[in-house]
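J.: Residues per chain are reported as follows:
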Amino acid sequence: KQEVTQIPAALSVPEGENLVLNCSFTDSAIYNLQWFRQDPGKGLTSLLLIQSSQREQTSGRLNASLDKSSGRSTLYIAASQPGDSATYLCAVAGGTSYGKLTFGQGTILTVHP
Amino acid sequence: DAGITQSPRHKVTETGTPVTLRCHQTENHRYMYWYRQDPGHGLRLIHYSYGVKDTDKGEVSDGYSVSRSKTEDFLLTLESATSSQTSVYFCASHTSGDYNEQFFGPGTRLTVL
Chain A
1 KQEVTQIPAA
11 LSVPEGENLV
21 LNCSFTDSAI
31 YNLQWFRQDP
41 GKGLTSLLLI
51 QSSQREQTSG
61 RLNASLDKSS
71 GRSTLYIAAS
81 QPGDSATYLC
91 AVAGGTSYGK
101 LTFGQGTILT
111 VHP
Chain B
1001 DAGITQSPRH
1011 KVTETGTPVT
1021 LRCHQTENHR
1031 YMYWYRQDPG
1041 HGLRLIHYSY
1051 GVKDTDKGEV
1061 SDGYSVSRSK
1071 TEDFLLTLES
1081 ATSSQTSVYF
1091 CASHTSGDYN
1101 EQFFGPGTRL
1111 TVL
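Protein sequences, first through last, are from chains A and B. For what it's worth, the working numbering labels the leading residue of the first sequence as 1, then goes sequentially. For what it's worth, the working numbering labels the leading residue of the second sequence as 1001, then goes sequentially.
Don't read these hints as lab results, they were simulated from the structure. Note that the structure is predicted; figures quoted are calculated from it, not measured. By construction, the Cβ of each residue, glycine as well, lies at the ideal position given by its N, Cα and C atoms. Treat the hints with care, since some could be wrong.
[Unchecked claim] Examples of chain B residues toward chain A, derived with CB under 8 Å:
{"id": "1", "residue": "1031"}
{"id": "2", "residue": "1042"}
{"id": "3", "residue": "1043"}
{"id": "4", "residue": "1048"}
{"id": "5", "residue": "1058"}
{"id": "6", "residue": "1101"}
{"id": "7", "residue": "1102"}
{"id": "8", "residue": "1103"}
{"id": "9", "residue": "1105"}
{"id": "10", "residue": "1106"}
{"id": "11", "residue": "1107"}
Please build the complete structure, drawing on both the sequences and the hints.
T.: Below, the structure is given as structure tokens:
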């Protein structure tokens, strides 16, 4: 059974810092990995998706990497802003064409001015 | 963002009553999913659909049933609601193909008294 772990569970940083969120998974037979953002009381917003054959994806100040063999992914946020405060979720899709996602518990990020 | 709506957005019901949650998407996505989100458990897959009338169980399917009679609608039914089904329910969907980026609805907060 796939298990996804996110470290740290919570992170508080001053504005402007670069930061890294970590995600690890136990079964390397994944189809893809997706990072989401969730604001309190809201739904999930997709940030980045990395296919199993890819090593990284970038969108603006966000960069996600994937090392499938070691079961790890990182989400790098450059020049953090208070608006980045949210919960960040990592999810992996199993090795089929269906997108059944297994989620980590999330990292609660607070960026203070 | 993908056009995914959920109804109702909030519902309070009593133990033993039937409840149906609706997910509607306007993207013509083939695949649709129901997840529940609970503190300490994160997001877990309840049921999913890979086409009209094609559904299957997820990780936490006991006490739930689903139906999909049209591409755009995916219904989740709690036949006899229990307090353990108090949760936030999210619907998600994606198209087929290699780029299985999954998009989520805004969620339904269900309270079973």
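J.: Taking the earlier hints as the rules, which of them does this structure contradict?
T.: Failing hints: none at all.
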